[in-house]
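Assemble the whole structure, with the sequences as input and the hints as a guide.
Residue-level listing of the chains:
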Amino acid sequence: MANSYYKDNREFIKGLDAAGFLVTVEQEVDWDLEMGAIVRRVCEMKGPSPYFKSIKDYPGFEALGAPLATHAKLALALGLPADTSIAEIGRVYTERTAGTPIDPVEVSRESAPCKQNVVLGDDVDLFDLPGPMVHDGDGGRYLATWHMVVSREPDTGDINWGMYRQMVFDEKTMVGPVLPFSDMGKMFYNKYVPRNQPMPFATVIGMDPLSGIAACAPSPIPEDQFTGTMMGEPVELVKCETNDLMVPAHAEIIIEGEVLPGINMLEAPFGEYTGYRTSPREPRTVYRVKAITYRDRPIMAVSNMGIPTDEGQLLRSFSLGLEMEKLLRSQGIPITGVYMLPESTHHLVVVGTRPAYAGIASQIAQLVFGSKLGPWFHQVMVVDNTTDIYNVNEVIHAFSTRCDPGRDIHIYRESAGTPLNPYSSPQDRKIGRGSKVLFDCLFPLDWSRADTPILVSFNTAYPEEVKERVLEQWTNYGFGA
Amino acid sequence: MTEYDTFFLGEPSAELQDEVTEIVIRDLTPGRSKYRCAYAEVRMSSDPDKYPDRLWPRLSRGQSVGEPWSVEVVREVNKIPEAWR
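Protein chains in written order, with my numbering: chain A, 8 to 488; chain B, -17 to 67.
The hints are simulated quantities; they were obtained by calculation from the structure and are not laboratory data.
The beta carbon of each residue, even a glycine, is placed where N, CA and C say it ideally should be.
Treat the hints with care, as some may be off.
Straight line, CA to CA, 30 angstroms or less: simulated DSBU-like cross-link-like pairs of lysine-lysine [stated by the list, open to error]:
| # | chain 1 | residue 1 | chain 2 | residue 2 |
| --- | --- | --- | --- | --- |
| 1 | A | Lys198 | A | Lys60 |
| 2 | B | Lys32 | B | Lys16 |
| 3 | A | Lys193 | B | Lys61 |
| 4 | A | Lys437 | B | Lys61 |
| 5 | A | Lys122 | B | Lys32 |
| 6 | A | Lys60 | B | Lys61 |
| 7 | A | Lys63 | B | Lys16 |
| 8 | A | Lys63 | A | Lys193 |
| 9 | A | Lys179 | B | Lys61 |
| 10 | A | Lys379 | A | Lys437 |
| 11 | A | Lys198 | A | Lys246 |
| 12 | B | Lys61 | A | Lys297 |
| 13 | A | Lys297 | A | Lys14 |
| 14 | A | Lys297 | B | Lys32 |
| 15 | A | Lys179 | A | Lys379 |
| 16 | A | Lys122 | A | Lys53 |
| 17 | A | Lys193 | A | Lys437 |
| 18 | B | Lys16 | A | Lys179 |
| 19 | A | Lys198 | B | Lys61 |
Covered, in the sense of this in silico footprint (three residues per stretch, anywhere, with C-beta under 8 angstroms from a C-beta of chain B), are these stretches of chain A [stated by the list, open to error]:
| # | stretch |
| --- | --- |
| 20 | 171 to 177 |
| 21 | 395 to 409 |
Dropping the structure here:
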């Protein structure tokens, strides 16, 4: 049975509007910094998504900013009430994605809105699309900030949808980093480059929100099937014009072409998800464009990376945390939950556990740092089951009161990192190396019960009957509900 | 006069001046093609009046570094191999 979801970007815009999470901007905005500045401020304020109806130099185009940068919008995208708790959103997501993968279904060109306009060959000009200059100081205009890049493993046929930023270099060329440990990086560097074979790609802009969530998720299930499991029915795809890749039929804009082996061109800097321009202008992967297709009156999608919270931070934190929860549960570790704080730009993962045996925090850290997700984060904090992992105040309290700097901080040097880590030395960034750390916030098991401090909070310091009475009488005391 | 900017990968003082050198220039002409990049052979100088066009220097993480240079674009260089254009 199909779940409640939005079939395309346009239905989602209506959903955001109905829920009070949309501001329609009728006045003309400039693609050159103004649009980016608005989206940035919205991200920092956790505000409603701006829907830009008029873009300077680009009559006929519209844009949606910050489509999924809050947990409330994520809940809506999953068909849940906007005030659903993070834990409940995670539970629903995990339940839906644990089902049997659902294969996508191919639809005809005629029933695919993304084919309403087709531009091929010499007519292709990336400057015909309103790619924003997102931040002052960026290396160029980034068409792809909330998007997905479709690619295929040449031998197995496995499909990958992932978010790899793409800067417009010239009319037919985009450039961007493809890290070697990413899914597309493994395909490209291990298969296409040794064969000196261009890799077909399709960049999808303005897809339905669940396809976007799937593209951010580190699930081992191919993302087209993963999207189907979230939808509860097949996602509708259509074949590209210039290669055999399939793209969501209801997306706004498709850019097709080839990723070229054996050549790099200068890309960046860019305001990144860490909140800094960390990686410098450097030679990066080259995308040569052969076709652009788009819906009538296409709606660009614009995210804006910077200090929290943007889509990448929120959704990567959400899905990385849940994947690690699956990993730890599969190993029989008695965890109570895993939450990656978006405010940490998915660098800090908080794991709640029942401290069942000595060394459990180290075991947790070694498992998650050793997973394929390990390069993306460098801090693990393990707390016990008295701490609400979704409550930042409680997490900071546990860290500040239970983690002995001399005993409980464990450093793993020379681990895999990314070139985007602001704290890494310039040399470590260049080769993708970084240290990692475990903050063990569990009281040692060899302390006697008499010597172990007792947590003092409303939940732990009062008998149940007192708590129940206080809660029951709360408004009668004169407090608000 | 056309205005460009460029991202020096090192310190501007280390850049080769007055000899033909290859850099990436970014066209700052207002309009739809603003920020188009191109590899180009150029002559450049920290003297803002030496060559016909203006070149605004930036560092590799995008910091703008003050006074403009001047530049003469000798020719654009297409880095894409012929077979894949």
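Structure-based check of all given hints:
1. Proximity of A:Lys198 to A:Lys60 is assessed by CA-CA distance (about 43 angstroms); at most 30 angstroms being required, the pair is judged violated.
2. Taken as a hint, the B:Lys32 and B:Lys16 pair is honoured in the structure, with Cα atoms around 24 angstroms apart against an allowance of 30 angstroms.
3. At most 30 angstroms may separate the alpha-carbon atoms for a hinted pair to count; A:Lys193 and B:Lys61 meet this at roughly 24 angstroms.
4. Annotation: proposed proximity of A:Lys437 to B:Lys61 holds, straight-line Cα distance about 24 angstroms (limit 30 angstroms).
5. Between A:Lys122 and B:Lys32 the CA atoms are separated by roughly 51 angstroms; this puts the pair beyond 30 angstroms, and the hint is violated.
6. Distance hint between A:Lys60 and B:Lys61 is unfulfilled; the C-alpha atoms sit about 37 angstroms from each other, more than 30 angstroms.
7. At roughly 12 angstroms between alpha-carbon atoms, A:Lys63 and B:Lys16 fall within 30 angstroms of each other, so this suggested pair holds.
8. Between A:Lys63 and A:Lys193, the direct Cα distance comes to roughly 39 angstroms. Violation of the 30 angstroms bound is thereby established for this hinted pair.
9. Between A:Lys179 and B:Lys61, the direct Cα distance comes to roughly 12 angstroms. Compliance with the 30 angstroms bound is thereby established for this hinted pair.
10. Taking the CA atoms of A:Lys379 and A:Lys437, the gap is near 20 angstroms; set against the 30 angstroms cutoff, the hint holds.
11. A threshold of 30 angstroms between alpha carbons decides the hint, and for A:Lys198 with A:Lys246 the separation of about 23 angstroms falls inside it, so the pair holds.
12. This hinted pair checks out: B:Lys61 and A:Lys297 have alpha carbons roughly 17 angstroms apart, not beyond 30 angstroms.
13. In summary, the hint linking A:Lys297 to A:Lys14 is supported, as the alpha carbons are separated by about 27 angstroms, within the 30 angstroms threshold.
14. A distance of roughly 40 angstroms separates the Cα atoms of A:Lys297 and B:Lys32; the hinted pair therefore is violated under the 30 angstroms criterion.
15. Distance hint between A:Lys179 and A:Lys379 is unfulfilled; the C-alpha atoms sit about 34 angstroms from each other, more than 30 angstroms.
16. Between the alpha carbons of A:Lys122 and A:Lys53 the distance comes to roughly 34 angstroms, so the proposed pair goes past 30 angstroms and is violated.
17. Between A:Lys193 and A:Lys437, the direct Cα distance comes to roughly 19 angstroms. Compliance with the 30 angstroms bound is thereby established for this hinted pair.
18. Note on B:Lys16 and A:Lys179: the hinted pairing holds, with a Cα-Cα distance of about 15 angstroms set against a maximum of 30 angstroms.
19. Taking the CA atoms of A:Lys198 and B:Lys61, the gap is about 23 angstroms. The hint holds against a cut of 30 angstroms.
20. Beta-carbon proximity to chain B at under 8 angstroms applies to 3 residues in the stretch 171 to 177 of chain A; the threshold of 3 is reached and the given coverage holds.
21. Evaluation of the coverage hint for the stretch 395 to 409 of chain A: breached, as 0 residues show C-beta separations to chain B shorter than 8 angstroms, against a requirement of three.
Checked against the numbered hints above, the structure breaks hints 1, 5, 6, 8, 14, 15, 16, 21 and satisfies the rest.
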